[in-house]
Amino acid sequence: MITLDKVSKAFSTGVYGLNDISLSIDKGEFVFLVGSTGSGKTTLLRLLIRDTLPSTGSIVVGEYDILKLPHRKIPHFRKKLGIVFQDLKLLVDRTIFENVALPLEVAGVHPKEIKKKVEDMLEQTGIKNHIYKFPIQLSGGELQRAAIARALILSPDILLADEPTGNLDPTTSTDIVKLLIQINEKGTTVIMATHNAEVVNKLTKRVVVLDKGKIIRDQKKGKYEIS
Amino acid sequence: MKFLKTAWHHMRRSPYQAFAAIFIILQTFFIVSLFFYIIYGSTKIISYFESLPQVTAFLKSEAKQENIDALRDQLKSSDKVSDVRFVSKQEALQIYKQQNKNDPLLLELVTADILPSSLEISTTKIHDLAGISETLKNSTIVQEVIFPKDIVANLSAWTDALRKIGVVLITVLAIDSIFIMVIIISIRISQRKEEIEIMRLLGATSWYVRWPFIFEGMAYGIIGACVGWVLSLGTLLSAMPFLQHFLGPISVFPIPPLLFGELLLIELLLAIVLGAFSSYLAVLRYLK
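As they're listed, the protein sequences go chains A and B.
The opening position of the first sequence corresponds to residue 1 in my numbering, with each subsequent residue numbered one higher.
The opening position of the second sequence corresponds to residue 1 in my numbering, with each subsequent residue numbered one higher.
These are computed hints drawn from the structure, not numbers from a lab.
There may be inaccurate statements among the hints.
Residues of chain B clear of chain A, computed beta-carbon distances all greater than 10 Å [claimed, not checked]:
1) E66
2) L201
3) L243
Only pairs whose alpha carbons sit at most 27 Å apart, straight line, appear in this in silico BS3-like list of lysine-lysine [claimed, not checked]:
4) A:K112 x B:K64
5) A:K115 x A:K133
6) A:K117 x B:K5
7) A:K73 x A:K27
8) B:K5 x B:K193
9) B:K137 x A:K116
10) B:K97 x B:K80
11) A:K79 x B:K193
12) A:K79 x B:K5
13) A:K220 x A:K27
14) A:K89 x B:K5
15) B:K193 x A:K89
16) A:K133 x B:K193
17) B:K5 x A:K133
18) B:K76 x A:K115
19) A:K73 x B:K193
20) B:K5 x A:K128
21) A:K117 x A:K80
22) B:K76 x A:K80
Note that this is a predicted model, so its numbers are computed, not measured.
The beta carbon of each residue, even a glycine, is placed where N, CA and C say it ideally should be.
Using the sequences and the hints given, assemble the complete structure.
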């Protein structure tokens, strides 16, 4: 489903965000991308959503070859992905309903259908009672759920979550991961970038460890051991 | 509909910027409307003067009727002449009596014999007055030629000057409007930079992001043009009693209502183009 072949990403400063990495992820997998800050997790996710291009190597996501993807097809490609951003990127002047509805509006879905889909999704993610509240009125965990709801609203095949448990207490973090597991069990491929060892080690999922832009370990039922 | 709603949200969130954009467009279309009325009125005034007997040729007493007829036929055959009227001595006396009916002393002193017969000539175009006047002066049966050369020449010159001033003023205001609109829409775009980035990451196409800004520019144009048109109409209606008195027999009013409708329609079309063009310049610059 996702293939990276000898991918490097050099920034204009000459520093490598990723350095000659190869990775293959199958449909329906749950993968933890782990590593310390600056290890290249976010760069890898940015490459997968075509927010930036690799310096060398090739990336294929689903039926899309990222390097050959024409500019006009990028919106179409991104609608196939669910993205939970590290900083959530929820619009503070819009309600939770409006935030979650945004991908549907962008996709041109009819307003009546939008209402039903958003209500269903907020029910699934457990924040339906906050539907008409603004982000500032919600707790950290609830905001994460709202961001996940927005990422899932177009029923994507792949969900990319960048540090979804960052700045959350352990109980809330566990709840968020449980939610991602449920989503994965329904068939969605989930790639979760994190440096939260506790969350990773509670589960026996595939763990890809990044360090200084390189993959130093890739285990099917891995652990995250902080050296 | 969604784009219109978003455009309306943009306007509501920064009403002062919206007001500035509408105000500059309002000024432009207020001036456009005023110049339209001025040009319309000037054209009517010129038409009035053109419809009057513009050249009067007083004939010598000894002029024979056959020579007068010959001169009249010669004038009538010219493309430049729209009408020729012969005023006999008797008719001249009647006109004199009418003009001086309140002064019996003047009426007693004048008889038909001392008043000259004349030819009153109207030209198709004002510019031909001088040529016709020269032709008449060269005739052996004409004693004197008079025509309101200065009035008409000045009127034409003023109308031309007004047209030129109008074109320059409107062009400057239109350019001002475009610049101010570009600045305002650019501010809007930079205010919503984060939102635009999020929408793009969620799969929004460039045009999905651009349309609300284009609609916003068009909305400013429509509102500005409508308010400018209403204000200019109000100004005209309030000035109408004075203008009617000032213009006297020249019938400029009433202006056909359809003309106001046509003006509004043209202004709306221009305003939409102006608003859309300005917004497009801004999105082209800041939303690549």
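* To do: Starting from B:K193, check that the Cα of A:K89 is at most 27 Å away, please.
  => Answer holds: B:K193 to A:K89 is near 12 Å, not above 27 Å.
* Holds or violated: B:K5 with A:K133, Cα cutoff 27 Å? -> Roughly 20 Å separates the two Cα atoms, so the pair holds.
* **Restraint check for A:K112 with B:K64, where alpha carbons must lie at most 27 Å apart** => 94 Å, violated
* To do: Measure nothing beyond the straight line between the CA atoms of A:K79 and B:K193; if it is 27 Å or shorter, mark the hint as holding.
  => 20 Å, holds
* To do: With a cut-off of 27 Å on the C-alpha distance, tell me whether A:K73 and A:K27 pass.
  => Holds, at about 22 Å.
* If you draw a straight line from the CA of A:K117 to the CA of A:K80, is it 27 Å or shorter? -> Distance of about 17 Å is within 27 Å: holds.
* Asked: Holds or violated: are the alpha carbons of B:K76 and A:K80 at most 27 Å from each other?
  -> 84 Å, violated
* To do: Would you mind confirming whether the straight-line C-alpha gap from B:K137 to A:K116 stays at or under 27 Å?
  => Not satisfied, since the Cα-Cα distance of roughly 92 Å exceeds 27 Å.
* To do: Measure nothing beyond the straight line between the CA atoms of A:K73 and B:K193; if it is 27 Å or shorter, mark the hint as holding.
  => It holds: about 22 Å lies between the C-alpha atoms, which stays within 27 Å.
* Non-interface label on B:L243, tested against every C-beta of chain A at 10 Å -> 52 Å, holds
* To do: Just double-check B:L201 for me: nearest Cβ-Cβ distance to chain A has to come out over 10 Å.
  => At roughly 6 Å from the nearest Cβ of chain A, B:L201 sits no farther out than 10 Å, so the non-interface label is violated.
* Below or equal to 27 Å on CA atoms is what counts here, so check A:K220 against A:K27. => 14 Å, holds
Taken one by one, the earlier hints fail for this structure at numbers 2, 4, 9, 10, 18, 22, listed in ascending order.
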